[in-house]
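J.: Here is what each chain is made of, one letter per residue.
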Amino acid sequence: METYYIRINDVNNLTAGASFLGSGGGGDPYIGGLMLKRELKSKGELEIIRRPKSSKAFVLGSAMMGAPIVMIEKIPSSSEAKKALEMYSYVMENKTIDYITPLEIGGVNSTIPLITSAKTGIPIVDGDGMGRAFPELQMTTFYFFGVSPSPMVIFDERGNTSVIQGIDGYWTEKIARIITVRFGGSAYIALYGMNMQDYFKCAVLDTLTLALEIGELLNDRKLDHVLDRLKAEILFKGKVIDVYRKVEKGFSKGYVVIEGIENYSNKTLQIDFQNEFLIARTNDNILVTVPDLIVVLDLFNQKPITTDRLKYGQKVIVIGVPANEKLRTEEALKYIGPKAFGYNIEYIPIDKRL
Amino acid sequence: MGIKIGIDIGSTHTDAVALEGKSLIAADKVMTTPDLTEGLINALRSIISKLGERKNEITSLMIGTTHGLNALHQARNLNRVAIIRIGLPAGEGIPPTFDWPEALERYVTFKFMVKGGHEYTGEEITELDTNKIREIAEEIKDKVDAVAVVSIFSIVNRDHEIRAMEILREKGITTPIILSHEIGGLGLLERENATILNALILNIFNNLISKLKSVLSSMGLENVKIYFAQNDGTVASEDFIRNYPIFTVAGPVSNSIRGAYLLTGIKNAIVMDVGGTTTNVGVLNNGYPRESSVAVEIVGIRTNFRMPDIYTIALGGGTIINCNKIGPESVGYALFDKGISWGGNILTATDVAMVIKNFSLPNANPKLVLEKYSAEYLSKVYENMKRMWEDAIDLMKTEKRDAEVIAVGGGSIMIPEKMIGASEIVVPQNAQYANAIGATLTKVGATVERTFSYETINREIAIKSLIDEAKQLAIRAGAIENTVEVREIEELQMPYLPGNAVKVKVKVVGEFS
Numbered sequence: 001m002e003t004y005y006i007r008i009n010d011v012n013n014l015t016a017g018a019s020f021l022g023s024g025g026g027g028d029p030y031i032g033g034l035m036l037k038r039e040l041k042s043k044g045e046l047e048i049i050r051r052p053k054s055s056k057a058f059v060l061g062s063a064m065m066g067a068p069i070v071m072i073e074k075i076p077s078s079s080e081a082k083k084a085l086e087m088y089s090y091v092m093e094n095k096t097i098d099y100i101t102p103l104e105i106g107g108v109n110s111t112i113p114l115i116t117s118a119k120t121g122i123p124i125v126d127g128d129g130m131g132r133a134f135p136e137l138q139m140t141t142f143y144f145f146g147v148s149p150s151p152m153v154i155f156d157e158r159g160n161t162s163v164i165q166g167i168d169g170y171w172t173e174k175i176a177r178i179i180t181v182r183f184g185g186s187a188y189i190a191l192y193g194m195n196m197q198d199y200f201k202c203a204v205l206d207t208l209t210l211a212l213e214i215g216e217l218l219n220d221r222k223l224d225h226v227l228d229r230l231k232a233e234i235l236f237k238g239k240v241i242d243v244y245r246k247v248e249k250g251f252s253k254g255y256v257v258i259e260g261i262e263n264y265s266n267k268t269l270q271i272d273f274q275n276e277f278l279i280a281r282t283n284d285n286i287l288v289t290v291p292d293l294i295v296v297l298d299l300f301n302q303k304p305i306t307t308d309r310l311k312y313g314q315k316v317i318v319i320g321v322p323a324n325e326k327l328r329t330e331e332a333l334k335y336i337g338p339k340a341f342g343y344n345i346e347y348i349p350i351d352k353r354l
Numbered sequence: 001m002g003i004k005i006g007i008d009i010g011s012t013h014t015d016a017v018a019l020e021g022k023s024l025i026a027a028d029k030v031m032t033t034p035d036l037t038e039g040l041i042n043a044l045r046s047i048i049s050k051l052g053e054r055k056n057e058i059t060s061l062m063i064g065t066t067h068g069l070n071a072l073h074q075a076r077n078l079n080r081v082a083i084i085r086i087g088l089p090a091g092e093g094i095p096p097t098f099d100w101p102e103a104l105e106r107y108v109t110f111k112f113m114v115k116g117g118h119e120y121t122g123e124e125i126t127e128l129d130t131n132k133i134r135e136i137a138e139e140i141k142d143k144v145d146a147v148a149v150v151s152i153f154s155i156v157n158r159d160h161e162i163r164a165m166e167i168l169r170e171k172g173i174t175t176p177i178i179l180s181h182e183i184g185g186l187g188l189l190e191r192e193n194a195t196i197l198n199a200l201i202l203n204i205f206n207n208l209i210s211k212l213k214s215v216l217s218s219m220g221l222e223n224v225k226i227y228f229a230q231n232d233g234t235v236a237s238e239d240f241i242r243n244y245p246i247f248t249v250a251g252p253v254s255n256s257i258r259g260a261y262l263l264t265g266i267k268n269a270i271v272m273d274v275g276g277t278t279t280n281v282g283v284l285n286n287g288y289p290r291e292s293s294v295a296v297e298i299v300g301i302r303t304n305f306r307m308p309d310i311y312t313i314a315l316g317g318g319t320i321i322n323c324n325k326i327g328p329e330s331v332g333y334a335l336f337d338k339g340i341s342w343g344g345n346i347l348t349a350t351d352v353a354m355v356i357k358n359f360s361l362p363n364a365n366p367k368l369v370l371e372k373y374s375a376e377y378l379s380k381v382y383e384n385m386k387r388m389w390e391d392a393i394d395l396m397k398t399e400k401r402d403a404e405v406i407a408v409g410g411g412s413i414m415i416p417e418k419m420i421g422a423s424e425i426v427v428p429q430n431a432q433y434a435n436a437i438g439a440t441l442t443k444v445g446a447t448v449e450r451t452f453s454y455e456t457i458n459r460e461i462a463i464k465s466l467i468d469e470a471k472q473l474a475i476r477a478g479a480i481e482n483t484v485e486v487r488e489i490e491e492l493q494m495p496y497l498p499g500n501a502v503k504v505k506v507k508v509v510g511e512f513s
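Heads up: the sequence lines are chains A and B, in that order. Numbering (the UniProt record's numbering) for the first sequence: 1 to 354. Numbering (the UniProt record's numbering) for the second sequence: 1 to 513.
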């Protein structure tokens, strides 16, 4: 199928799937989901293009940057997205933007590019640059393959704009982060412009339709099908007995300890997190590490639990999901492997560990 | 010393108590009526008549009611409300009442979005569009019953909400104007929703209060002061609740938790309020109900004002046992007709508990149960009931070690003497009146929540200003000034934000005037 049409009734599936792929982070897609529903209420449907034909077509990333906690209070106006794209086009000497791509399928940023698409009429491609959620904008497969995030346009609801031409991904992230704070803690961004030929090489493909699909399965309580679809494994079942948190350098860091039940009784699992879940281990045995996904679901309703919502007493299922191969290359692991998050642990793919 | 009357409206019964100091001098139960008010008035008349000549010693009347929730559920006789959201160009992505159920949305007859609002730092997003507020005043004049005003980050800086109210007043708007920073915390949509819901039910409470006053004055009790139970386990005076009725929606649930403390003196415990159809499990945290940390849905609408953290299971005295299935259906108040021990033909949780725990209720004959069911079967059912309660305890505990458990409510007698997760199980005297007693003996309370950036304001000054504000609010709610004390200060650092952004919540309590 070349094109998928997303309608208002699909939004709850998209947000459920996006929360799952957020691996504990990515921000609650509730606000983004409502904004998208509003657009679809008037538009009826939006096209998701699975495989654009022209390799020369130009594709641009769209997302929001900043603190999810700001977004729940200062709800975006949704017209910023359009202006950010116009500014990008202007900076690039009236470049035509043929497609929009998500940067991050996990969490709230799954919804933002669709809103951008609704506002601009530019169709969206079925893929993203993470296949999950990560905290920083250089942590994309686009970047690992050599595509530059710059020039990057950053826009606030008042109409303030900056254009960043960073020397690399780290500097672009650093500068954009400071501007976001000055904008009031959240901003629209347009970045990672590239042609479709490069996009096919470096993007994690089919992730919008994947999020929709697994969201629907989750909402229908078909967890087994989700596991089959993602080649994922149940790592653990148990009860949260301890949660430790601290805020460090703007990140929410900590760990959760889960005491096993059923087949896992007499075992405990610890999962470390920094916005997203990073490492799951029992006593001395490491089960999964980033970039593979660790997902914690409520045992009763099978809804994903984000790291900020963990609390004592929750009964949970922990799932390990193999990351896309594009997140597992040597180059990728420099940015998103366990070492990039400060752990002296070699990355071993989940399929080889279990 | 005076006599205090407490009335709690439950789903099946309305309980009334009269207390002199801490001692219970009279108590009564009447049936709850669909409109709630009739049952409330019946209970009031009945308890007053029980007091005979001593009725003139009554000083105050405390009420725990779900009038607010009921009115919203039925979506009838609500106010026509105008919502003014200040924050454009931000916020435009989701207009007010988007995603509301139609039955309630139709009462929100005017919706405006206006330029203004603040950042998390307290700086303006843009200047407030005062001309637009003036235009709105012209447009809504005489066409609405109440106005709700919400401004982005008003919990950091409330200036635009206050300015908007001043302009509306200058332009002759005389209806109540509800400002969101007085209702809820962080989260624009949730706070806005709560503010609108509050505005929708203002008249419901005005009418209720007028009715109560006329009943009291018909009995020569016009000096009795009326208070309402709030969601946080405290009470507030009727003239405060006239403006903030939404703070009462979970009053009865919180009363039982507060009542559990007042009856036992235990400050930290799990409280199980066992009623006719359900068991509400809550947590006593330093003498008051623990608050829910997540958005609470009311009639399908997300809100974020202070609500008790409650886990409800469908297991109460009237719960129907069918083979190995426990509930969720219940015979409710018909227990004394339909329960097997009363000669009926439905096996209920109470029938099972009476046999296993070896007790009997008035007019009941638990032997009838044993004629129909084997002791082995009954003990298996009771084991399963016990497990349901134990799971609920486990879910509400915050740490691994066992917690003290207090059981209250009409069905508390069914609770096992030992349960996993419970270090001790206490069923206090008068447990079935815990709600009404909780409402009667509690304190006047007020809560204020704000967000500060400690880089722009000194921490001590910030907290002190908040305490002062909460104290003023408590005095408005009926507390005696020199008795008001701080109950809790909660500081929560907000991740992802620089500038040491912190959410601070201050709760104060005081004695009645």
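By construction, these hints were calculated from the structure, which means they are not laboratory data. Beta carbons: idealized from backbone N, C-alpha and C, even for Gly. Wrong hints could be hidden among the right ones.
Counterexamples of contact, computed for chain A against chain B with all Cβ distances above 10 Å [unchecked claim]:
#, residue
1, Arg158
2, Gly185
3, Met194
4, Ile317
Derived pair list, reagent style BS3-like, types lysine-lysine, alpha-carbon separation capped at 27 Å [claimed, not checked]:
#, chain 1, residue 1, chain 2, residue 2
5, A, Lys83, B, Lys397
6, A, Lys41, B, Lys400
7, B, Lys132, A, Lys315
8, B, Lys132, A, Lys237
9, A, Lys41, B, Lys380
10, A, Lys237, B, Lys503
11, A, Lys237, B, Lys397
12, B, Lys503, A, Lys246
13, A, Lys303, B, Lys397
14, A, Lys239, B, Lys132
15, B, Lys397, A, Lys239
16, B, Lys505, A, Lys119
17, B, Lys503, A, Lys253
18, B, Lys141, A, Lys311
19, A, Lys237, B, Lys115
20, A, Lys174, B, Lys503
21, B, Lys115, A, Lys83
22, A, Lys315, B, Lys115
23, A, Lys239, B, Lys386
24, B, Lys386, A, Lys267
25, B, Lys111, A, Lys83
26, B, Lys115, A, Lys253
27, A, Lys119, B, Lys503
28, B, Lys325, A, Lys253
Computed footprint of chain B on chain A; a stretch qualifies when at least three of its residues, placed anywhere within it, have a C-beta under 8 Å from a C-beta of chain B [unchecked claim]:
#, region
29, 34-43
30, 66-79
31, 93-102
J.: Is Lys174(A) close enough to Lys503(B), meaning Cα to Cα at most 27 Å?
T.: holds, 26 Å
J.: Checking one constraint from the list: CA of Lys239(A) to CA of Lys386(B), max 27 Å. Satisfied?
T.: Between Lys239(A) and Lys386(B) the Cα gap is close to 19 Å, so the pair holds against 27 Å.
J.: Just want to verify: Arg158(A) was marked as not at the interface with chain B; is every Cβ pair farther apart than 10 Å?
T.: Given a closest Cβ separation of 6 Å, the condition is violated.
J.: For Lys325(B) and Lys253(A), compute the direct alpha-carbon distance and say whether it is at most 27 Å.
T.: Violated, at about 44 Å.
J.: Check the hint pairing Lys119(A) with Lys503(B) against an upper bound of 27 Å on the C-alpha distance.
T.: Violated: Lys119(A) and Lys503(B) sit about 34 Å apart, past 27 Å.
J.: For a C-alpha distance cap of 27 Å, please report whether Lys132(B) and Lys315(A) respect it.
T.: Judged against 27 Å, a Cα distance of about 51 Å means the pair is violated.
J.: Going straight from one Cα to the other, do Lys132(B) and Lys237(A) come out at no more than 27 Å?
T.: violated, 56 Å
J.: Minimum C-beta separation from Gly185(A) to chain B exceeding 10 Å: can you confirm that?
T.: Label violated. Min Cβ-Cβ 5 Å, cutoff 10 Å.
J.: Does Lys253(A) lie within 27 Å of Lys115(B) when you go C-alpha to C-alpha?
T.: Outside the cut-off at roughly 37 Å; violated.
J.: Does Lys380(B) sit within 27 Å of Lys41(A), going by the straight-line distance between their CA atoms?
T.: Answer violated: Lys41(A) to Lys380(B) is near 53 Å, above 27 Å.
J.: Take a quick look at whether Lys503(B) and Lys253(A) sit within 27 Å of each other, Cα to Cα.
T.: holds, 19 Å
J.: Are the Cα positions of Lys83(A) and Lys397(B) separated by 27 Å at most?
T.: The hint is violated at about 49 Å.
In terms of the numbered hints stated before, the structure departs from hints 1, 2, 5, 6, 7, 8, 9, 10, 14, 16, 18, 19, 22, 26, 27, 28 and 31, listed from lowest to highest.
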